[in-house]
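A.B. asks: The chain contents come next:
Protein chains: 2
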Amino acid sequence: MENKQNILIIGAGLCGSLLALRMGQRGYNVTVYEMRPDLRKTDISAGRSINLAFSDRGNKAMKLVGIEDKVKALCIPMNGRMIHDKEGNTFMSNYSGRDHEYINSISRGGLNALLLDEAEALENVTIHFNKKCKSVNFENTTAHFQDYNTKEEFVEDADIIIATDGAGSALRKSYYLGKKFLFSYSQNYLTHGYKELSILPSETGDYKTFKNALHIWPRGDFMVIALPNLDGSFTVTLFLSYDEGEYNFNNLTTPEMVTEFFKKEFPDALELMPNLVEDFFENPTAPLGTVKCSPWNFKGNTLLMGDSAHAIVPFYGQGMNASFEDVVEFDAILHQHKDLKLDKSGWETIFKTYSKTRKKDTDAIADLAIDNFHEMKDHVGQAIFQEKRKIEMALEKAFPEEYSSKYSLVTFNEHIGYREAMLRGRAQDKAILNMLADNDITATNLEDQTYLKTLLDKVKNETNNILDDDNVAKTMHH
Amino acid sequence: MENKQNILIIGAGLCGSLLALRMGQRGYNVTVYEMRPDLRKTDISAGRSINLAFSDRGNKAMKLVGIEDKVKALCIPMNGRMIHDKEGNTFMSNYSGRDHEYINSISRGGLNALLLDEAEALENVTIHFNKKCKSVNFENTTAHFQDYNTKEEFVEDADIIIATDGAGSALRKSYYLGKKFLFSYSQNYLTHGYKELSILPSETGDYKTFKNALHIWPRGDFMVIALPNLDGSFTVTLFLSYDEGEYNFNNLTTPEMVTEFFKKEFPDALELMPNLVEDFFENPTAPLGTVKCSPWNFKGNTLLMGDSAHAIVPFYGQGMNASFEDVVEFDAILHQHKDLKLDKSGWETIFKTYSKTRKKDTDAIADLAIDNFHEMKDHVGQAIFQEKRKIEMALEKAFPEEYSSKYSLVTFNEHIGYREAMLRGRAQDKAILNMLADNDITATNLEDQTYLKTLLDKVKNETNNILDDDNVAKTMHH
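Those protein sequence lines, which keep their order, are chains A and B.
Counting from 1237, one number per residue, gives the positions in the first sequence under the working numbering.
Counting from 1237, one number per residue, gives the positions in the second sequence under the working numbering.
What the hints contain is simulated information worked out from the structure, not anything from laboratory work.
Please note that the accuracy of each hint is not assured.
All copies of an identical chain are treated as equivalent in the list; a pair is satisfied when it fits inside any one copy or across any two copies.
[Said to hold, decoys possible] Within a straight-line C-alpha distance of at most 25 angstroms, the following computed DMTMM-like cross-link-like pairs (lysine to aspartate or glutamate) qualify:
(1) 1696 to 1706
(2) 1710 to 1603
(3) 1596 to 1706
(4) 1596 to 1479
(5) 1322 to 1515
(6) 1694 to 1683
(7) 1595 to 1650
(8) 1577 to 1375
(9) 1416 to 1479
(10) 1240 to 1698
(11) 1694 to 1674
(12) 1592 to 1603
(13) 1588 to 1480
Extracted from the complex, chain A is given alone in its bound form:
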């Protein structure tokens, strides 16, 4: 039987453990090698985001593998952005005008542990920890590992190898260094890095600030955000330039300077963070990079999936969701080709079909995530942007079936791809911003239903004009 093929998965993070679970459910013999120790037995969170945004595209994958309810128990709904200004004033900006649309804060470790448990419960799935992949011989479909404890090195082969080993992927490195085929590759860093901090629970174990929001302290060139955890704490992240501006990661070298910076820029956050200085100097500063590459596969032998194929910056809260959606898309392609003989040529067809449908969407979310970096640290504090959001919330509320903002298209419309969401969403943003700038529309009278209907028609027309004009011109610059 075809499904008795051996699938080797490199990496048991969020994407790898989900893929192992799904391929296990499909009946394949699945072996997973993970470089880290088993996170269910060791605390290995240091330096990694300990909570993440989980939304509809990710949930689509949880439904596929039948664990939607178990995941829901790990989620803290966040209904919108709570913006904190320098004076400590806050205002809430909902993610959607439709009440049932919100995102969630979820523990990376908790979700990963659940996926590992579910995958390991299948008898045809085996997961090995502490085995680091050093390289992949993609021509022979073999991977070279080293055991972290014994230092012993060994080679494993399989019918196919799928690398879900993240932004530093060993398979991707083997593609790049192997020079056996033309490999398009990019790594692009922002000028900013990030550092994780924390707001601990109050003495009574309560949340020190509003629980059901993604908190943002936007300051134009830099920002702080905070997401809630189930234990009453918030994981706080500072996004700041390495070397530009008055305060930056390179010059914040003393406790006094760090405190001065927060006192000046984030006084209300500082009050909640007596542990700021300790966190700041204990936790690493990490870079923010985007990785794109092509092709993802080598013939019918090997395939990149998740962050190994498309690492993105975190500002759309879509990194994990995009990787989960990879598995959904891959599963759909397997289903479409269920009558195909799974020899090398069959797998090559599947890998190529998957890459062709998927890459345009992961390219789009990578670009959208960079857009949102600027939106979060800067635009959310600007009047014209706030007016746009007010209009969009009113439209979504009044016309829930007819209007979705770019944010909603990307986050809550899981049945369209990221690329379609990007093209329509950017055109809408451009339409609304230009009509606001030209005083063609205003963000007043939004309770007047007749005016709202006019507004809806104007936004739709102008958006379609922009899309049409771009379409005529797009042959000129691909």
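Mind docking chain B on chain A? Use the hints.
C.D. replies: Showing chain B alone in chain A's frame:
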């Protein structure tokens, strides 16, 4: 004296030899190491483009170093594109409506030899051949070389090292592999490769087809082009997919198939190329890649320049011109900082200032060159594009001071940067194409001066509208 600083240049190609000449003229001690033998003594053209497009930005550099007239003697003017259809019909599409604007075909070897001669004539410039750079220690400002003949390895140091060693740059590789700083890097390949062929002179030594044009056989998914050489021959290049379409580089494996392909698609070219099959199987197929990276410098120690910093595809005929313009820009920055003390900190300021002003423009020409790939193989054969060109030629002719097409902005307006040319040029293209598609304007009555003035105003207005709308929206996606 400051100028007695030692500058080590890696690579004596077009950019390196020009840089050596200019730095020599400025009085620095310049040492150049080139991996290849001296091209003035050996024929090493195999596999490289033997002629190139030379235009105003390149000529700006020739003026700077005072060899404009000597270069002119190597040039063959090309006034436009001569388009060849499948039936062998041809039509000429001029590059500009202004008669004095044209591009030139120039011999790579001839121009490089001239630059080497001029540089070596300066007593403070020394050029070593057959010395391959293996790596650069950018922290110590030393470069590691190997002599091609003796295999001896040696290390050279300098006050600064500038790498002009092309798309496969050893310095860039050292930046990438060194992992000492965040290095943004991309290499992107087109689906197409290229192969050089030739149209030899007639038996009487004449050109077999029209001399003063860049010939194009556009076929939608692939194309052939030809540029004249001084000896009466044309260098012909086939651009074709590696593996897509009925005919591609992977399946053109026999003389019969190659001949069949040319007979079907390029019958008039085939008649001029009795040597086709021999050329096809003797010459390599080479990839078409774009390289971008950042930063270009490491502190005040090392700098990438020319193709090593920004390799582009050849379709705008701007690769050499962009690298020459690098030297002009770098020279201008040196001039601006002529009172700066040239210690490490001084050089760092110069390198950073240069990168900041220059990178936006080299990014733009990289993207424009990919636009032009699609324009040349496809759009030039389409009615709407031909109408746009007719209108633009008429506008340039009637209003030479007021209108320049994107092609003219990029190629002949050497006093504006590539980025400005791209933004205005793309907006103009979008304006004209959309007005043509909406029947707002037509490509008729172009001899009517009153209509032409209306046309000019419409194009300018619509272009400005597009630029304004993009400006309002651009804060949303950087």
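A.B. asks: Now tell me if each hint is right for this structure.
C.D. replies: Now for the hints, and whether the structure bears them out:
no.: 1; hint: 1696 to 1706; result: both (15 angstroms within a copy, 18 angstroms between copies)
no.: 2; hint: 1710 to 1603; result: both (18 angstroms within a copy, 13 angstroms between copies)
no.: 3; hint: 1596 to 1706; result: both (17 angstroms within a copy, 23 angstroms between copies)
no.: 4; hint: 1596 to 1479; result: between (33 angstroms within a copy, 20 angstroms between copies)
no.: 5; hint: 1322 to 1515; result: within (22 angstroms within a copy, 70 angstroms between copies)
no.: 6; hint: 1694 to 1683; result: within (17 angstroms within a copy, 39 angstroms between copies)
no.: 7; hint: 1595 to 1650; result: within (16 angstroms within a copy, 38 angstroms between copies)
no.: 8; hint: 1577 to 1375; result: within (20 angstroms within a copy, 55 angstroms between copies)
no.: 9; hint: 1416 to 1479; result: between (38 angstroms within a copy, 16 angstroms between copies)
no.: 10; hint: 1240 to 1698; result: neither (54 angstroms within a copy, 62 angstroms between copies)
no.: 11; hint: 1694 to 1674; result: both (13 angstroms within a copy, 20 angstroms between copies)
no.: 12; hint: 1592 to 1603; result: both (18 angstroms within a copy, 22 angstroms between copies)
no.: 13; hint: 1588 to 1480; result: between (43 angstroms within a copy, 13 angstroms between copies)
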